[in-house]
Amino acid sequence: MKHKIKQALHSRIYKIPLLLLCMVFVGHISAQTVSGKVTDAGTGDPLIGASVREDGTSNGATTDANGAYRLNVSSANATLSVSYTGYQTKSVSLAGSATADVMLEAGTALNEVVVTALGISREKKSLSYGAQEVSSSELNRVKDANVINSLSGRTAGLQINRSGSGVGGSTRVVMRGQKSTRDNNVLYVVDGVPMFNYSPGQPGDIWGQSGNSGNVGRDGGDAISNINPEDIESMTVLKGASAAALYGSQAANGVILVTTKKGKAGDSKIEFSSNATWETAVMSPELQFGYNARPNENFSWGAKGSSPDHVKDFFNTGATYINSIGLTGGNKTAQTYFSYANTSSKGIVPTSELSRHNVTLRETAEFLDGRLSLNATLNYTNQRGDNRNVSGMYFNPLTGLYLMPRGLRYADYSGANFEKYDDVSKLYLQNWVGSRDDWQNPEWILNRNPNFDSRNRFYGTVGVSLKLTDWANIQVRGNMDKTFDRFEQHSFAGTEATLADANGRFVMNDLKSTVRYGDILLNLKKDLTSDLNAALTLGTSINDIKVNSLYADSKGPGLYYANTFVIQNIKQPGANITQSQPNRTQLQSVFGSLSLGYKSMLYLDVTGRNDWSSTLAFSSSNSFFYPSVGASVILSEMFAMKGIDFAKVRASYAQVGNGVNAYDTNIQYAFPAGGAQAPTTGLLPGTDVQNELSKSLEFGADVRFWSNRAGLDLTWYQTNTTNQRIVVAVPEGSGLSTAIINAGDIQNSGIEASLSLTPVRSRNVEWTTQVNFTTNKNKVIELTPLLNNGVYTLTDGGVNNYDMVIRKGYAFGEISGKGFTYLNDKIVVSPEGVPLAGADTVLGNPAPDFTLGWNNTVRFGDFSVGVLIDGRFGGEVMSVTQAVLDRFGASRATADARDAGGVDVAAVLADGTPFSGKLDAEKYYTAVGGRDGITEAYIYDGTSIRLRELSVGYAFPKSFTSGMGKNVSLRLSLVGRNLIYFVNKAPFDPDISMATGTGLQGVDVFSAPSVRSFGVNVGLTF
Amino acid sequence: MKKKLSLLFGAIVLVAAGLLTFQSCTKDFEEINTDPYRPQNIPVGEEFKQVLQNIYAYSPAWITQLQQNLIADVYSGYMTPPTPFRGNSNNMTYDLVDGWNEWPWHVAYGSVMSPLRRMEANAGTNYPEFNAWAKICRVEAMHRLSDIYGPIIYSQYGVLTPGGGVEYDCQEKAYQLFFEDLDAAVAALTPLKDDVNAKANFAKFDLVYNGDITKWIQFANSLHLRLAIRVSRVAPAVAKVEGEKAMSQSVGLMTDNSGDFLVTSADGTTHPLNVMDNAWNDIRMAAPMESILTGYADPRLAKYFVPSVIVPGAYKGIRQGIAIASKSDYEGFSALADPDKVQLMTAAEVYFLRAEAALLGWTGAGGTPQSLYEQGVQTSFTQHGAGSAAAYLASTAPAAAYVDPVNAANNAGPASAVVPKWDDAAATAVKWEQIITQKWIAVYPDGQEAWSEYRRTGFPRLYKVLVNNSAGKIDTDKGIKRINFPAPEYSTNKAEVTRAVQCLGGADNGGTALWWDVD
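Going down the list, the sequences are from chains A and B.
Each residue of the first sequence is one higher than the one before, starting from 1 at the first, in the numbering used here.
Each residue of the second sequence is one higher than the one before, starting from 1 at the first, in the numbering used here.
If you're looking for bench data, these hints aren't it; they were derived computationally from the structure.
Predicted, not measured: the structure shown is a model, and the values here were computed from it.
Treat each hint with caution, since some may be false.
Claimed, not checked - Covered stretches of chain B (in silico footprint by chain A; criterion: 3 or more residues with CB under 8 angstroms from a CB of chain A, positions within the stretch not fixed):
id : stretch
1  : 33–41
2  : 110–123
3  : 137–150
4  : 267–273
5  : 492–500
As the list claims (entries may be wrong) - Cross-link-like lysine-lysine pairs, in silico, BS3-like; alpha carbons within 27 angstroms at most:
id : chain 1 : residue 1 : chain 2 : residue 2
6  : B       : K494      : A       : K808
7  : A       : K512      : B       : K27
8  : B       : K27       : A       : K482
9  : B       : K27       : A       : K546
10 : A       : K90       : A       : K312
11 : B       : K173      : B       : K421
12 : A       : K124      : A       : K261
13 : B       : K327      : A       : K923
14 : A       : K426      : A       : K262
To be verified - Selected chain B positions facing chain A (Cβ under 7 angstroms, derived; list incomplete):
id : residue
15 : F29
16 : E30
17 : Q50
18 : G165
We put the CB at the ideal spot given by N, CA and C, even for glycine.
With the sequences and hints as input, model every part of the structure.
Set out below in structure tokens:
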């Protein structure tokens, strides 16, 4: 064993700490070993990834690329159960033999098992709702530091947007359209426990500030991004409310179930994975360097000139290294899984870095002859980020970088020149062109406005399951998730005056979140007659979420001493030092689910849940009940269907309730300077708030044919979310200025289709392909007549030209801003040729009309190639970046217009007479561009089609690895992401969104460019 | 089998017990849903601090700027910004900015009416002194609001109509309610004025008189007189009854500067005018102040303003409603001498109110118009440490001509023709103008009261705007009369604000005169 490790060491792939960890682990040897090969009974081709299990134990293995398996069994007379998707499961009795080759018949029955709500495994064919599973090997094909990003294009019904903060950033995942005024992100459930996917500090405005108080915005990373991708066994996307009804309130937006790896009896192995990728910027804005600024002007609207391109050398080649080791092993009574992963990343923006360590220990054990089983998981994540990318106008190096007046030399402001000594203050102060809050010297920001964030997260679950009879068990589970986040930003003296005071600015945010979850489940499963079986689950759960935050910001009164960044250096009064608990909520629930199956052809599911939400305390009722019912019919079991291997139709109806925000029903006095202040928002006298309610209906069909080599899964759904929490302005004479009410009806309807096909399957070549299609239509059926102009604002643009609103009759989350003024379909300009701004209007919706994902895996012998192409079609997005670049005369578009002698637009004067000639470029872009210009000019088609992932893998043959040991397998792949944009109509990547909350969608405000990455991935198992 | 069944039974009991345990815990929900990082167990009366700091908003300064500075402080002739906000088309040039002008409304309801109502709900009948105190504060805040817009929400505050709106009171009704509320407050406080407990209760939250209930009663009576004088032209009979009542209350009126209504900041916040003046350079002396105070050689000039930068050593004010190309053109005009506490009423003002009452022939003024006028001037001098007013009161120096060092187009002769010296033989109209002109000087820097009195009386005579961007809504000669109702009222309370416009008796714009503003 040690010898093998040495060989691995000589390959110089792995880092020393990984080796030290594995040195202590010595695999164990079992007395009984059985090996063999699993093949297709028809073609004789090996079946790769087939499951081989010993009945009555948890011993199991999967076949390798040659269809071979090796398994430690408890007895020489054991019975093996061999299964493979699309094939009939077969039992083989060993009867003392040490080898067993198994041939499987392509099956007509579909016995896939998926994990569903509450961790209950069910046969997929019995499900009455849409569910899609993605395996670990798929997720890790082209590894992403945030595993959720790997779902892009692989499932229907999801819209995935990454934040612009680079590696380790948060991801916004919306399932089946946006429906809530409060939160639309899916719920993640890890091994049956709901995860609080908290993402602190998300920006809320174009400036990049968080909240309304001018706090510094950022992306602190969400909780799901902290998971080691290698720990994941599979993910199941439970779509729609029916699937989620049992997870209650939090599941109204859909659920992604994450099943993590655990140790397996007799399957002792060590897995190394090492992943290195290099990233380069793509789709950075197109700039001009051919026109200079006029003397002492910030805008580059002067004479022709030629400046060197100072932008292209600014970005680095980023690098991300993810190394992990996983150790699994165990015997019949106790199994262990241990993993460690190390992620380290340097971003494309200089000084931007992230490092992360994940440690996981999972122990499963059985007692009392297997009647009592214990499952314990411990996780620790440590993450540190320096200068993670920010979006928005403030503290963003990209504004000054892109906008620097042409004709100046960047070298005069970079390197040692980003600061210069000031004899008055005796400090080195910023050296930059002019003082504007929306641009500073880029290198000043990187070096003298640095930010640091760190996270320590402890996550632990303990579950005990007791088998009462062979048809009943009871399970008790508890979980604690504690996260400690710290963020600091140090702005040195010399930072622009809007952003910091004369002695600098210190911002500190300490956050602690504590989530406690517990549940008790009683599972009964019994065949009532030979044809009718029933499963009943009764349970109760409690989920308590608490977030504490301490925010300190010296802005206003400032610091006593320059450039000392500690709290006691903050002057008072007037500094924002706030201790708050933005979210303490508790949800208590009882629930039950009954499933009936008749002759494997008819299935009926009924669930019911009652929640008690602390957020509804002080309301007339804190309790709400919601049911679901679903049925599926296996037509292929009922009728002989020629050419059809499997056919199912399903229907379900569900409701999901949701509470309101913490403290809504009980808003207390606030602390301002100089004494408590009465709240101006709350409930109007005589009114009450109740839970939100989503009602959803779905129909689906699942058909398999061509000997199970082709399958089509189709779903139609409609969801109406009513009784939303909406804040409306009320007459101030009522005693409040804004009131919280329940109102609205937001409808989502859509179609999801998934076609999977194995066009080629032979001994040496296998090609599997899957197409996922999603379309969702969103409509705001009703909002509330109490809203001003019927508009509910998600992002208030303020003085800027981007708002995000909900408006009756439109889709959820429209981009709104100033339009042009039109006359006879032509834009109206002044006699000088300056376009006239029209009224604020709805200009587009960032949600795509439909999305398509096309995922292919081709295996030629030991090689495998993965190709994932996905596209979003339609929808409108907006670029504030482009608007500002145009206003400053810094974009290529402005130079092109100047070269062409003006902007060629068909325009008319206010009286309808045509404007003759082209519009003067400077006048045009000065009026249209800028963060407060004419929004409509910067609305783009959101269509984007890309080669999202490409991987070429090679599994080294046994002949190569046998020198290291007979169980060793080695795999090498070359991977790439975002390699080709076939179509991308906007000047930025619409996959990236400025924030992962409900607002600021479909807008780019100086986000870091998207990246194209190439890399290599090595996997070694022994 | 039996064992299995008993296990199953045990499990059911466990689940059931779990359910019961959980569900019985919903009693903690109220505690969970109470934000522990908000002030807990606010003492009844704490609200007065917020109220007293918001009749005139102490902070943040931008709110004060919109609540009063860019409205009444300018229209009173006290101050003018050098800044050409919005390309110089703004309140100063009569292009009323809705986004600014809703702030007096927001502050009055959000930071005065709302906390007072909460306080009353919390106090119940346990603290009669607080209920009375609340009435005084409310009248002081809301008469100022009514003097901006006209009809306001007062008696129906917090009461929703079936349509979800809130009804206004016409200004005449509001003034009647102000008188009634002051009567009730004074009646309730008078027996408690020496009550140790009541005084101690006041003292905890009193940012004005440190718990001196007598002074609060004197303020209430003085306020009563101010409001009576305000309606003396539109409703002379009511005014006489109310004014005489105010002057005959047993506890009396404010008589010296120890009774001045000066609000201290609860947390050391500086007077917001200092921020607007020094940090933002957004406010400067106005031309009428320069004309009158320099002409009179008024010793209070140096107490109110600092010499200009633009004409070193000289006091220069900016004329309101002129063409300003760049802020830098007028930034060098006279800045303000930093005011200290927020001043909402002074003993000097009360002497001038009494002087006018005497001039009107009301009973109980306690002196002749001349003696009360001269006491008013002397009290103001004393307040500002300007010494004896004897020489000043003998002066016949008139107001000076106004010269704009940046743009001669703004030059003008003196608008005011009266002098400090009282001439008992002069016409009543001259005496009236003298009283109001001196009151105007004394009331500085409270532009709200000065603008109201200017509209009621036309005094002191101010310069007309030269740039009028009101699109015909505001007559240049008559000047601005009010502020239109806040835009949010039209989106949230449309039916009621429409009715309020009816009782306004004219269009909802800055050209329609308020009820008490009769020519």
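Structure-based check of all given hints:
1. 33–41: That given contact holds, which follows from 8 residues of the stretch 33–41 of chain B lying within Cβ reach (below 8 angstroms) of chain A.
2. 110–123: Contact hint for the stretch 110–123 of chain B vs chain A: holds, 7 residues under 8 angstroms.
3. 137–150: Coverage by chain A is violated for the stretch 137–150 of chain B (0 residues, Cβ < 8 angstroms).
4. 267–273: holds (count 3)
5. 492–500: It holds, with 3 qualifying residues against the three required.
6. K494(B) - K808(A): Holds, at about 20 angstroms.
7. K512(A) - K27(B): Satisfied, since the Cα-Cα distance of roughly 25 angstroms is no more than 27 angstroms.
8. K27(B) - K482(A): Roughly 25 angstroms separates the two Cα atoms, so the pair holds.
9. K27(B) - K546(A): holds (18 angstroms)
10. K90(A) - K312(A): violated (60 angstroms)
11. K173(B) - K421(B): violated (39 angstroms)
12. K124(A) - K261(A): Holds, at roughly 20 angstroms.
13. K327(B) - K923(A): Status holds; Cα separation ~25 angstroms.
14. K426(A) - K262(A): violated (61 angstroms)
15. F29: holds (4 angstroms)
16. E30: Hint on E30(B): holds, closest Cβ of chain A at ~5 angstroms, below 7 angstroms.
17. Q50: holds (5 angstroms)
18. G165: holds (6 angstroms)
Hints 3, 10, 11, 14, counting from the list given before, are not met by this structure.
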